[in-house]
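Participant: Produce the entire structure from the sequences given, and follow the hints as far as they go.
Keeping their order, the protein sequence lines are chains A and R.
Quick note on numbering: the first sequence equals residues 1 to 303 in my numbering.
Quick note on numbering: the second sequence equals residues 1 to 111 in my numbering.
Simulated from the structure, these hints should not be mistaken for laboratory data.
The reader is advised that the hints may include incorrect statements.
Stated by the list, open to error - Quick list of simulated restraints, FRET-style, between CB atoms:
id: 1; chain 1: R; residue 1: 107; chain 2: A; residue 2: 78; range: 42 to 50 angstroms
id: 2; chain 1: A; residue 1: 18; chain 2: R; residue 2: 17; range: 27 to 35 angstroms
id: 3; chain 1: R; residue 1: 83; chain 2: A; residue 2: 101; range: 40 to 48 angstroms
id: 4; chain 1: A; residue 1: 165; chain 2: R; residue 2: 93; range: 27 to 35 angstroms
id: 5; chain 1: A; residue 1: 101; chain 2: R; residue 2: 106; range: 30 to 38 angstroms
To be verified - Once the Cα atoms are required to be at most 30 angstroms apart in a straight line, the calculated DSSO-like pairs of lysine-lysine come out as:
id: 6; chain 1: A; residue 1: 18; chain 2: R; residue 2: 2
id: 7; chain 1: A; residue 1: 236; chain 2: R; residue 2: 2
id: 8; chain 1: R; residue 1: 106; chain 2: R; residue 2: 24
id: 9; chain 1: A; residue 1: 76; chain 2: R; residue 2: 106
id: 10; chain 1: R; residue 1: 89; chain 2: A; residue 2: 76
Values in this document were obtained by computation on a predicted structure and should not be read as measured data.
Glycine is no exception: its CB is placed at the ideal position from the N, C-alpha and C atoms.
Each chain is listed here by its residues.
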Amino acid sequence: MTTAARTETFGKVKPRRKGLAALLTHHTFRRLTQLGILLFLVYIAVRHLLAGESGAVTTASWEAYCPFGGLETLYKYVASGGSFVSHVHLSNVVILVAALLTALIARNAFCGWLCPFGFIQDMVSSFSAFIQKRVPVIRKGVRTLKTRGARLVVLDRYLRFLKYGVLAWAVIGAAVYGFMVFRDVDPWAALWNLLELTLGMGTVVLAIVLVASLFVERPWCRYACPLGAATGLVSKLSPFYLKRESEACKACAICTKACPMGLPVHTATTIKSVDCVGCLECVDVCPREGALELKLGIPLIGK
Amino acid sequence: MKVNPFVYGLLIIVLFFGVIGGAKAAGIWSVSGKLTASGEKVAPTGTNVDEIKGWMTLDDVSAAYKVPVAEIVAAFNLPADTPGTTQIKNLESDSFSTVNLRTWLKERLGQ
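Facilitator: Right, here's the structure in full:
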């Protein structure tokens with residue numbers, strides 16, 4: 001788009017996408033990426049289950065692809081000169097490096113574009129929205145619940161710090177005790193353990209996360225995910241940020257409603273929050289030309 | 001500078017999978033404790049108890065560290081008829097785990 005054309009359309013309502021153009025969005029691209037990764041892990045887990053631990057062929061378990069395992073073993077890996085805590089392999093360290101590098105350059109996009117557990121929470125929330133749209137009684141009930149729960153919104157700000165506590169506990173615990181102290185309560189591990197019909201404390205956490213996802217988007221990512229806490233902190237150094245042009249923005253708050261992390265996009269000038277997962281749902285739904293865009297600037301300064 | 005969301009998405013995928021692909025190409029990749037980075041089978045050497053993994057059997061540990069299976073079974077109050085072919089992780093309980101076995105072996109061998 002030329003500068004003249006851009007000036008002409010700046011702040012105007014975007015033309016409605018139709019047909020194939022409505023489908024070929026970065027939203028579809030993101031969903032396909034998330035789905036692809038989840039299907040890959042399902043394949044890995046099922047293959048490992050069928051081959052068995054003592055099978056003739058050595059197969060990888062789903063745990064070999066978890067970046068957080070890399071963080072939990074990091075102390076032992078460095079201190080012992082190359083050995084890992086149980087359930088962790090070299091692949092976990094490599095995937096951790098990939099996730100951190102992605103965060104360093106492209107914000108916390110690992111959570112928004114690649115994390116399969118984030119995707120599962122997104123799907124549960126989408127299912128909830130789908131049901132609410134079609135069943136008025138449920139819609140009314142959820143709305144009442146949300147209105148009553150609005151009083152607790154002040155807690156949201158403080159609960160978001162919880163994930164840093166979980167991060168410290170998981171990493172320091174693994175360093176001190178030599179095993180993954182977080183594993184027993186990890187809902188991601190619990191999800192895969194269901195395949196082996198193994199239940200535990202993690203299953204309870206998983207159930208809480210899935211039920212909460214019916215009412216709040218990405219509750220695990222917002223409040224408790226230790227990996228998101230780590231990549232979020234690294235993402236502060238990324239040159240990417242979101243810019244809201246107040247001259248074009250009509251503060252309709254559609255962007256804020258679309259944000260799965262519950263960030264107040266429509267009142268901010270720039271969005272550089274550690275909680276932003278770079279999903280760009282806000283950019284996708286923004287109805288005005290140039291009101292909300294993804295920008296590349298100088299890290300930390302963001303201009 | 002404005003960035004197209006598609007380009008951003010592409011960058012994420014290239015970065016993330018690029019690092020993994022690069023590591024694989026360089027041989028810095030292993031998805032199982034049973035295999036080394038070069039794909040060879042791992043076997044306990046008897047030199048460092050930290051090498052003991054949950055997938056190893058009591059026989060593996062016994063042969064590598066020259067400690068009878070019966071002694072391990074007795075030390076952790078495991079059922080006397082526990083076969084040596086049992087994997088350590090399948091015996092884990094409140095009183096027995098891979099970590100416990102490593103600690104006990106370390107003391108036993110004076111490492």
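Participant: Indicate, hint by hint, whether the structure satisfies it.
Facilitator: Do the hints match the structure? See the list:
no.	hint	result
1	R/107 to A/78: 42 to 50 angstroms	violated (25 angstroms)
2	A/18 to R/17: 27 to 35 angstroms	holds (33 angstroms)
3	R/83 to A/101: 40 to 48 angstroms	holds (46 angstroms)
4	A/165 to R/93: 27 to 35 angstroms	holds (30 angstroms)
5	A/101 to R/106: 30 to 38 angstroms	holds (37 angstroms)
6	A/18 to R/2	holds (24 angstroms)
7	A/236 to R/2	holds (19 angstroms)
8	R/106 to R/24	violated (34 angstroms)
9	A/76 to R/106	holds (17 angstroms)
10	R/89 to A/76	holds (20 angstroms)
Violated hints for the displayed structure, listed by number in ascending order: 1, 8.
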